[in-house]
Amino acid sequence: MISRERAEKLFDHVLAGGADFAELFLEDREDLSVEYSGQVDQISRLRACGAGLYLLRGGKGVYVYFNDLSDAALYRSAEDALTLLGARDSGGLRTCFHTDAGEDPCPVRIQPGQTDIRKKVDLLREADRKARSEAFVRACRNTWSERDQHVHILNSEGVDVRDRRVTTRMRFIPVVEKDGESASAFSEYCAAAGMEAFEDGKYLERLGTAIFRLRESIGAPEAPSCRVPVVLEAGSCSGTFFHEACGHQLEARTLQEGGWFWDRRGEQVASPGVTLVDDGTMPGMYGSSVFDDEGMFRRKNVLIEKGVLRGFMADRLGARRLGLDRTGSGRRQDYTHAPGPRMSNTYLAAGEDDDDAMIRDLEEGLYVTEIGGGTGGREFTLLASAAYWIRNGQIGPRVRGAILVGRGDETMKKIDRVGRKFVAEEGEGSFCGADSGFIATTTSGPRMRISEMVVGGKGEKL
Amino acid sequence: MIRMDGWLRAMEHLPEGVRLAEVNAERIRCTDLTVKNGEAISSSSFDQTRYYVRAGSESLGMVYTERGEGEESLLLKAASDQARLVSGKTPPLLRDADVFRDMDMAGEESIRDMLDCGARAEKAMEGLQIRQLHVRVTRRESRTLNSRGLDAASGRSWAELSAVAALPRSGMQDAEAENGVSARSLSGLDPEAFGGKIRRLCDLTDGHGLRPVTVPGGSHDCVMTGQVLRNILMTAWRSLSAEAMQGGSSCFRPGERIGSRAVEILNAPSHPLSGKSWPVDSEGTRVERTVLVREGILREPMYTLSSGAKDGKESNGCAGRIPVMTGNVPIAVTTVPGFVYLRPDERESLEGLVARMGTGIVLTYSLDLFHSVNVASGLFSVPCGGFYVRNGEAVGSVSQMTVAGHLRELFGAVEAVADDLDFDDFYFRNYCVGSPSALLRGLRFAT
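As given, the protein sequences belong to chains A and B, one line each in that order.
Here our numbering is used: the first residue of the first sequence is 1, the next is one more, and so on.
Here our numbering is used: the first residue of the second sequence is 1, the next is one more, and so on.
Among the hints, erroneous ones may be present.
[As the list claims (entries may be wrong)] With a straight-line cut-off of 30 angstroms between C-alpha atoms, the simulated DSSO-like cross-links for lysine-lysine are:
| hint | chain 1 | residue 1 | chain 2 | residue 2 |
| --- | --- | --- | --- | --- |
| 1 | B | K77 | A | K119 |
| 2 | B | K77 | B | K310 |
| 3 | B | K123 | B | K197 |
| 4 | A | K119 | A | K178 |
| 5 | A | K178 | B | K310 |
| 6 | A | K421 | A | K306 |
Don't read these hints as lab results, they were simulated from the structure.
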């Protein structure tokens, strides 16, 4: 799209104009989406092709993006960026380009872009058949999505790297009707892989689980409003807790805005059983890639170790402003977003507590097996989309409509059990939305328990 | 106006195998400054044109592109998969021939003026911790052509100020608030008034610096400030879409009572309190001011051409492409409002509602806009906080609580609404949601 030579000239121009760092993020992306509900309803194709120019000077940053890649448009955008940067004297010096390449943590065996669309329709048909064979399913709408994103990142420090991210995804929206009541919710099977991710039929298991949970929710009592111990199941549940309770708070952007964790490195911020990691290199995981979106190799970052705050997640600008090291966490949805510090595959490391005993020991509490989303901040929330009431050490009836609320800094200290069996969130990645757009993430961990949380629901005491 | 000469020709001479076609182009130019100490510490700028192409015969396939050329091949690409694989049970819908222009753009704004605006707002917020302060100018043009002769073009520009700020509290959590204002141009913004508004909102968050108190869970009367009700409406509006009703994903039906007589919900292309405007929708329909809910009765849902046709109704201009949070570029036409809002009552004020409540909770903030309301079941459980009022006197701040119920109970509990209508735009800035404060009786709280 833009050659090394053109980039070099452009960098010379903007560095002479006052920037001390310049980066070009080039993207060429193709998406395909097929909607199916007993028949193919809709096919949509997308081609997005554009570039973002990122200029820094000290702690100031400017991002301009464009999809006209002619020299005229490129230099017009560069002038706009320099005007916004407000610098007039000469800035940084460029070094020679060097090309890096690393082992792709998510190799693709069967490229979806080279696979006949009829194969994807077959997968959708199979999912539809599976859904309609389940009891009480009234309708099901499934959507196939694939993405093939080529990125090319060049910067004035000499970085010249390319990365290709291929993902495939099937979204299920079954409608279940039972006893005059209906329930519907979406769930997804996601893979940082090609067509091979759908060969073993696990996506059908995922659909089956989603239908089971919907069926189970019909007629279930509403969760009561209360403060009780909460057990979060291994896998995405415990990981999502940390994503919302403290993950966003540990991103450089929040820290710059006066975040509570700045600077508490070395302090006990969670129970001693908590070791929290963000790792963009995990093989096959939805949040992995060779490079971050600033051309840095992804890496494993230990955020909390045995309850003690160890580190943060920083992009280039955040690192400059806070005096931190970059952590391979500069990410963005696409070329229309400036990079920002973001999570990737966040997980709670396995602990030493008995997984079963943490339920058996409770007189009463809430056992959450699926989290449907949440928000981060000093106060955070989690939607318990599948949860059960614990009574006398036994998992009791399914409850619905529970939402968990807490303050991260307080709740992380109330974690009184961390289980031994680690479960990675495979095939269940999701999108996380923030200033630099929607990015693929996963959350994993063992089962864990919080001694007390506010549970919001509209039901009476069970 | 977006130049589309090649597309005009392509619509007149469709390639073989394509019977119907439409292209909706949207060009957005935007400059956004993050201002700190009178300087732009971060900024972004873009000029992007997006083309949404629909083409086919028995049904319409879709292609999204950011390059305007190659019209014929794009039309064929959209039509070909669709023709191969779709059985064509859904009749394709396009607007009939109509040519109109609705361009109303202000002059270009300078960076210097934007910085000056930001600096004035900063000054007006002196003493607050300003976590984010943005000055943004946007120029949006849209043009929709189709093979039936439609050529609908519109253009608007606006300027915005938005901030997240906190009032430091000694020994307590800072009182944080977030708000934004917009006008047709920078000169229409009042940075001093905006700064004052942010300060008042921060101060209101914890009841003017009250110490935390514990309120027992259960049924309480409450006053929801505009921000809290707006956050609920940010998701709940989808229950007023005909498309959701037809697809079984709305808890409401036309003609149904969904709230008290105090509840009136409208959708409009613009509003005097905002500089933004969406006069024409993605299918080329002029957006009409529509009373969706009058005196608590759902009178008319939001319609696109397709959902309108299913109910034997005209579109009321609610066709768009990005209704919810998504990581994809949404291509399909779906229901999206313009300005959807709860109508204020000029005779009431927030203070008056609090006094009338007597004892209860004033909710000043809520969290999790997008997971806390299920529009299909109508159930909501909203994390929130504010302060507690006993016999008309504010006695302490409350946090980490939730209010839960069914949307019908929520709207049904509205006893009165105030005059303080305020708008916020959706994450993707393609529509606005607004609400004044309201007094609600007997909602269920978890604390």
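Here is what the structure says about each hint:
| no. | hint | in the structure |
| --- | --- | --- |
| 1 | K77(B) - K119(A) | 19 angstroms, holds |
| 2 | K77(B) - K310(B) | 28 angstroms, holds |
| 3 | K123(B) - K197(B) | 13 angstroms, holds |
| 4 | K119(A) - K178(A) | 33 angstroms, violated |
| 5 | K178(A) - K310(B) | 26 angstroms, holds |
| 6 | K421(A) - K306(A) | 17 angstroms, holds |
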